[in-house]
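Given these sequences and hints, build the entire structure.
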Amino acid sequence: MEATIQTKNEHPRLRELKFTLHRIFRNPSAILGFALLIFFLGVAVAAPHLAPPKYEHAPYQMPHKGYSPTPKAPSAEHMFGTSSGQYDIFYGIVWGTRTAFKIGLFVVGFAGIIGISLGVIAGYFGGWFDELLMRFVDIVWSIPLLVLAMTIVVAFGRGLENIMLALALVEWRWYVRVIRSEVIKTRRQEFVEAAKLMGVSDLKIIFRHILPNSIYPVLIMASMDMGSMVISASFMSFVGLGAPKGYADWGQMVALARNYIVGPPSDPFKFWYTIAFPGLAIILFVLAWNLIGDALRDAFDPKLRRR
Amino acid sequence: MDKILELKKLKKHYPIMGGVLRKQVNSVKALDGLDLDIYRGECLGVVGESGCGKTTTGKAILKLHDPTSGDIIYHPTEEGKSYNLSEMSYSAMRRAGIRNKLQMVFQDPTTSLNSRMLIKHIIAEPLKEQKKWSARDLEEKVVQLLHLVGLTSDHLMRYPHEFSGGQRQRIAVARAIAASPEFIVLDEPTSALDVSVQAQILNLLHKLRKQLGLTYLFVTHHLLVVKYISTRIAVMYLGKLIELSETENLFSNAMHPYTHALLSGIPNPDPNLAKPRIVLEGDVPSPLDPPQGCRFHTRCPLCIDVCKSKEPELVDMGNGHKVACHRREESRKLIAERFGSADYC
Amino acid sequence: MKNLLETKDLVTNFYTYEGVVKALDKVSIEIKHGQTFGLVGESGCGKSVTVRSIMRIIQQPGKIESGEVLYCDDAESDECDELLSKSEAWMRELRGDRISMIFQEPNAALNPVLTIGEQVAESYMFHRKRSISKQVLKDVAEGKSSFGLFHPFLKWVYSTAAANPNARLLKVLDRIPLLKLWRRPLHREAIRRSVKIIGKLGISNPEEIVTRYPHNLSGGMKQRIVIAIALACNPTLLIADEATSNLDVTIQAQILDLLGELKRKKAISSVLLITHDLGVVAETCDRVGVMYAGTLCEVADVKDLFNSPQHPYTKALLNSVPRFCVEGELATIEGSVPNLVTPPSGCRFHPRCKSATEICKTQKPELVDLGNGHMAACHNIQVKAED
Numbered sequence: 001m002e003a004t005i006q007t008k009n010e011h012p013r014l015r016e017l018k019f020t021l022h023r024i025f026r027n028p029s030a031i032l033g034f035a036l037l038i039f040f041l042g043v044a045v046a047a048p049h050l051a052p053p054k055y056e057h058a059p060y061q062m063p064h065k066g067y068s069p070t071p072k073a074p075s076a077e078h079m080f081g082t083s084s085g086q087y088d089i090f091y092g093i094v095w096g097t098r099t100a101f102k103i104g105l106f107v108v109g110f111a112g113i114i115g116i117s118l119g120v121i122a123g124y125f126g127g128w129f130d131e132l133l134m135r136f137v138d139i140v141w142s143i144p145l146l147v148l149a150m151t152i153v154v155a156f157g158r159g160l161e162n163i164m165l166a167l168a169l170v171e172w173r174w175y176v177r178v179i180r181s182e183v184i185k186t187r188r189q190e191f192v193e194a195a196k197l198m199g200v201s202d203l204k205i206i207f208r209h210i211l212p213n214s215i216y217p218v219l220i221m222a223s224m225d226m227g228s229m230v231i232s233a234s235f236m237s238f239v240g241l242g243a244p245k246g247y248a249d250w251g252q253m254v255a256l257a258r259n260y261i262v263g264p265p266s267d268p269f270k271f272w273y274t275i276a277f278p279g280l281a282i283i284l285f286v287l288a289w290n291l292i293g294d295a296l297r298d299a300f301d302p303k304l305r306r307r
Numbered sequence: 001m002d003k004i005l006e007l008k009k010l011k012k013h014y015p016i017m018g019g020v021l022r023k024q025v026n027s028v029k030a031l032d033g034l035d036l037d038i039y040r041g042e043c044l045g046v047v048g049e050s051g052c053g054k055t056t057t058g059k060a061i062l063k064l065h066d067p068t069s070g071d072i073i074y075h076p077t078e079e080g081k082s083y084n085l086s087e088m089s090y091s092a093m094r095r096a097g098i099r100n101k102l103q104m105v106f107q108d109p110t111t112s113l114n115s116r117m118l119i120k121h122i123i124a125e126p127l128k129e130q131k132k133w134s135a136r137d138l139e140e141k142v143v144q145l146l147h148l149v150g151l152t153s154d155h156l157m158r159y160p161h162e163f164s165g166g167q168r169q170r171i172a173v174a175r176a177i178a179a180s181p182e183f184i185v186l187d188e189p190t191s192a193l194d195v196s197v198q199a200q201i202l203n204l205l206h207k208l209r210k211q212l213g214l215t216y217l218f219v220t221h222h223l224l225v226v227k228y229i230s231t232r233i234a235v236m237y238l239g240k241l242i243e244l245s246e247t248e249n250l251f252s253n254a255m256h257p258y259t260h261a262l263l264s265g266i267p268n269p270d271p272n273l274a275k276p277r278i279v280l281e282g283d284v285p286s287p288l289d290p291p292q293g294c295r296f297h298t299r300c301p302l303c304i305d306v307c308k309s310k311e312p313e314l315v316d317m318g319n320g321h322k323v324a325c326h327r328r329e330e331s332r333k334l335i336a337e338r339f340g341s342a343d344y345c
Numbered sequence: 001m002k003n004l005l006e007t008k009d010l011v012t013n014f015y016t017y018e019g020v021v022k023a024l025d026k027v028s029i030e031i032k033h034g035q036t037f038g039l040v041g042e043s044g045c046g047k048s049v050t051v052r053s054i055m056r057i058i059q060q061p062g063k064i065e066s067g068e069v070l071y072c073d074d075a076e077s078d079e080c081d082e083l084l085s086k087s088e089a090w091m092r093e094l095r096g097d098r099i100s101m102i103f104q105e106p107n108a109a110l111n112p113v114l115t116i117g118e119q120v121a122e123s124y125m126f127h128r129k130r131s132i133s134k135q136v137l138k139d140v141a142e143g144k145s146s147f148g149l150f151h152p153f154l155k156w157v158y159s160t161a162a163a164n165p166n167a168r169l170l171k172v173l174d175r176i177p178l179l180k181l182w183r184r185p186l187h188r189e190a191i192r193r194s195v196k197i198i199g200k201l202g203i204s205n206p207e208e209i210v211t212r213y214p215h216n217l218s219g220g221m222k223q224r225i226v227i228a229i230a231l232a233c234n235p236t237l238l239i240a241d242e243a244t245s246n247l248d249v250t251i252q253a254q255i256l257d258l259l260g261e262l263k264r265k266k267a268i269s270s271v272l273l274i275t276h277d278l279g280v281v282a283e284t285c286d287r288v289g290v291m292y293a294g295t296l297c298e299v300a301d302v303k304d305l306f307n308s309p310q311h312p313y314t315k316a317l318l319n320s321v322p323r324f325c326v327e328g329e330l331a332t333i334e335g336s337v338p339n340l341v342t343p344p345s346g347c348r349f350h351p352r353c354k355s356a357t358e359i360c361k362t363q364k365p366e367l368v369d370l371g372n373g374h375m376a377a378c379h380n381i382q383v384k385a386e387d
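Protein chains in written order, with this note's numbering: chain A, 1 to 307; chain B, 1 to 345; chain C, 1 to 387.
To be clear, the hints were calculated from the coordinates, so they are not data collected in a lab.
Keep in mind it's a predicted model, so treat the numbers as computed, not measured.
All C-beta atoms in this analysis are idealised placements derived from N, C-alpha and C, irrespective of residue type, glycine included.
Hints should not be assumed to be uniformly reliable.
[Said to hold, decoys possible] Derived, one-sided and incomplete: chain C residues facing chain B with beta-carbon distance under 10 Å: (1) THR244; (2) PRO322; (3) CYS325.
[Claimed, not checked] Derived DEER-like restraints, expressed as beta-carbon distance ranges: (4) C:VAL20 / A:LEU17: 17 to 27 Å; (5) A:GLU16 / B:TYR90: 26 to 36 Å; (6) B:ILE16 / C:LEU181: 17 to 27 Å; (7) A:TRP141 / C:LYS144: 55 to 65 Å; (8) A:PRO28 / B:GLY19: 46 to 56 Å; (9) B:GLU311 / A:GLU16: 34 to 44 Å; (10) B:VAL279 / C:GLU18: 51 to 61 Å; (11) B:THR111 / C:ALA75: 43 to 53 Å; (12) B:VAL315 / C:SER308: 40 to 50 Å; (13) C:LYS2 / B:GLU311: 52 to 62 Å; (14) C:SER159 / A:TRP141: 50 to 60 Å; (15) B:HIS206 / C:ALA75: 20 to 30 Å.
[Claimed, not checked] Pulled from the structure, derived: some chain B residues nowhere near chain C, Cβ distances all over 10 Å: (16) GLY80; (17) THR110; (18) LEU156; (19) ASN203; (20) LEU224; (21) ASN249; (22) MET317.
Rendered as structure tokens:
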């Protein structure tokens, strides 16, 4: 008796991986998303070579020659021009890539770990813990992000770390809800009942059976969050809560361009470079993660999976 | 024969919450007072339609759903000790070493196997719960189990979706046996399978029962399948046991009108036999509000006044044949008169 | 007599990641007027694919590669339509009107947010606009109902509908918010007809049922409603794809009884019944076709098939089904259903066949008439000498 599908003699996990990759890259937008992501990764990794820092111990400090508020157009010396305060835009974009990844990974990682742990426990065990946690999450849901961020800044001072903290404290509420509903669905499945009948402990059931089957929506959400967290952080930098002036952060650079978005009436696009480059960086970064999230969703949708 | 399980007045009601304060307003009476003895080494078939409580019986015995009231007395083979399962929690059962002795094979092999686990790990899981194994011994034992159910060691490193339905069900059986059980509840194990594969699985289950000395509770709605594999059959309707008998006797001497309706309703793969067909009126009543008196009286072709008010007792008619019907003495005669015949062969 | 439906060498493929699944390999079926034809087989044999190919509801990644489907609606005339070459619009007219289909899961077939009446009426609204408009005009002329204030306008609209149900005017009116209400009398009449057809199916209180939602009904009732929707426009052919597989034994008995009664009352003409349950086939069908792995193995009248099966697969299948009065161990068929991406060469059953010979591995057997309308596709059968 043979297995119904002929398989080559390779390890099954490798086969599954190949199939998953095929499903993901069937989609041309997925290829675009991954290409953009690899591009940004390359820039982030090669930052010290692309834009050698002026101050060795503080590479995120954008170098500036002088303090003149008027931005200068792109030239041989400053490839993307300079922003208000003579900060080199090219430098800012390159090191800003690192900042963007930092923000995304920290917020998503923190929110993800907290959210998933609490969500799994609440979903699997139910009972009073579930009720209590959900009511707590309801409270957290009512906290507006901006107000929380302002409160933290007032208490602890300005800075990118504080903004990331605020974002993480608020973002985990999504993960809790999503994973809790997935866990509730999964724990009713027959293979979980079978494991219980065998006497497998709850912890093992959670790691072996529940998590691998309920993690997908969270993964998709996480990949999209990487992009949207950068937007939120940029927004807060723009309004002055985030990174300090001169920090290599895309949102901060947009803040620097605040007064120069529209130039003098005779030439409104005179200072286009101050807003175009950081804006484009943000857009492409978020686009990359959104496309990846979309592709993952299509690849992991169980109904479409085996077609 | 000695008894392995005794069910006494087993009840399972699923509460329905309602109102602003989420109080219990009603309950689904899935099992409403079941008295049943299961003998060691037999295959007891439980038949009935949807809502009769057959699946609930199996799950209640295994404590997948805690019973609302009633006792489940379990007599394990080796020791003289008996346990009342209805009072024990999972961890208590684990400590007593009896959790793994009661296992289940589910209906749909697609959902009963974790699609993200390799076959090897699926079957090894119950083995690992029993004692510590070395990697080599574990693999050997897993291969042994695969051979027992008719698969080969080629199948170790594959995922469930790479197999056909019949093979997946074999894997589920191997997993159940890996736990070294004494008693297995088989919940419609062949309903999701093709006809020819069904025969393979039924033959396999029969062989394993003889070989390993297991006791089965075989839950199904398919009377011909249960006839093939069971030694005794219990017929359930709306949470109650209405007839219990040895297999041969049930088919030749059925007494309850509902059993007759089931028997005559089976489409027989033989166009030469024109059977009388008893077509019941109406639908199965809701278990939220079962009828007064005999639960079957709303659809029964032999219903009389006493059936509407008084619930019939389960009476032993001799030879282990028990029936719960007020008209049990004359039912066969009446059915033969009304529908032409009371024999199905 | 001419055949109602005839497929010739139907080939359907599915283009999947694992390869091309050759689901149907030159399937040819004939169904006569007034006949109940059962198509039997196990999962993966292609019976559902055959029927979906006939109705042209195969979706991506499936594709009907070649073959012909001849449908002759009228027993008297000589006109036949070749369904595979018709446009999608033409097929839409055909589906639900001349050929209806009912599926296995009544829960999935009924829309949970529409009332029963609306769902049955949908059939009438789509296919019988002309007839209903005429009826509405007649009722108004006879004074049984009235158009009220908008009499001239509605009279004009309904006259147009009675003459040409696809008129552009109606389409335009449908898009304008308030003017859409012209459909009300149409809808009322459609509901009235729904009540009638539901009543014909042995459901008590049809007037009350039409106001209920699917979740208020039991499984058996839902399946009856699905049958009502299918029979609303009096189709010539009813296709039932495992219609009773999910139902309880006693409810299945009711539905099969109902189908028998409808046949006796001539409410349905021909039925194409797809099932894996040989018992259902034995009790309801006149003629049976057995399929295996995308090919048709054997076709015969029902008694012939059960009493003297000729194809090895049919014989093995009949031996593996538990029967009422037959004792003994069930025979099993060695091996498992082949993977249709790489089906076996020659006869697709040869790897599992006890009587396979050399020719079976290389040449695909054709359906041969063994006399009395009994046809089988096997190299190793003696043609019957008499009748």
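Against the range 40 to 50 Å, how does the distance between the Cβ atoms of VAL315 (chain B) and SER308 (chain C) compare: consistent or not? holds (47 Å)
Is the claim that MET317 (chain B) lies outside the interface with chain C correct, judged by CB distances over 10 Å? Non-interface label stands for MET317 (chain B): nearest chain C Cβ at 23 Å, farther than 10 Å.
For ILE16 (chain B) and LEU181 (chain C), compare the CB-CB distance with the range 17 to 27 Å and indicate the outcome. violated (41 Å)
Classify the label on ASN249 (chain B) as holds or violated, using whether its beta-carbon is more than 10 Å from each beta-carbon of chain C. holds (15 Å)
Falls inside 26 to 36 Å, the C-beta gap from GLU16 (chain A) to TYR90 (chain B)? 33 Å Cβ-Cβ, so the 26 to 36 Å window holds.
Are SER159 (chain C) and TRP141 (chain A) spaced within 50 to 60 Å by their CB atoms? Taking Cβ atoms as reference, SER159 (chain C) and TRP141 (chain A) lie about 59 Å apart, which means the hint holds.
Cβ separation check - LEU156 (chain B) to all of chain C, threshold 10 Å: holds (18 Å)
Could you see if the CB distance from LYS2 (chain C) to GLU311 (chain B) stays within 52 to 62 Å? About 60 Å separates the Cβ atoms of LYS2 (chain C) and GLU311 (chain B), which means 52 to 62 Å holds.
Status of the given 46 to 56 Å range, CB of GLY19 (chain B) versus CB of PRO28 (chain A): holds (54 Å)
Is the shortest C-beta separation between PRO322 (chain C) and chain B less than 10 Å? holds (4 Å)
Closest CB of chain C to the CB of LEU224 (chain B) still more than 10 Å away: Non-interface label on LEU224 (chain B) violated, nearest chain C Cβ at 4 Å vs cutoff 10 Å.
Per the CB criterion, is CYS325 (chain C) less than 10 Å away from chain B? Interface hint status for CYS325 (chain C): holds (4 Å vs cutoff 10 Å).
When held up to the earlier numbered hints, the structure conflicts with 6, 9, 10, 15, 19 and 20 and fits the remainder.
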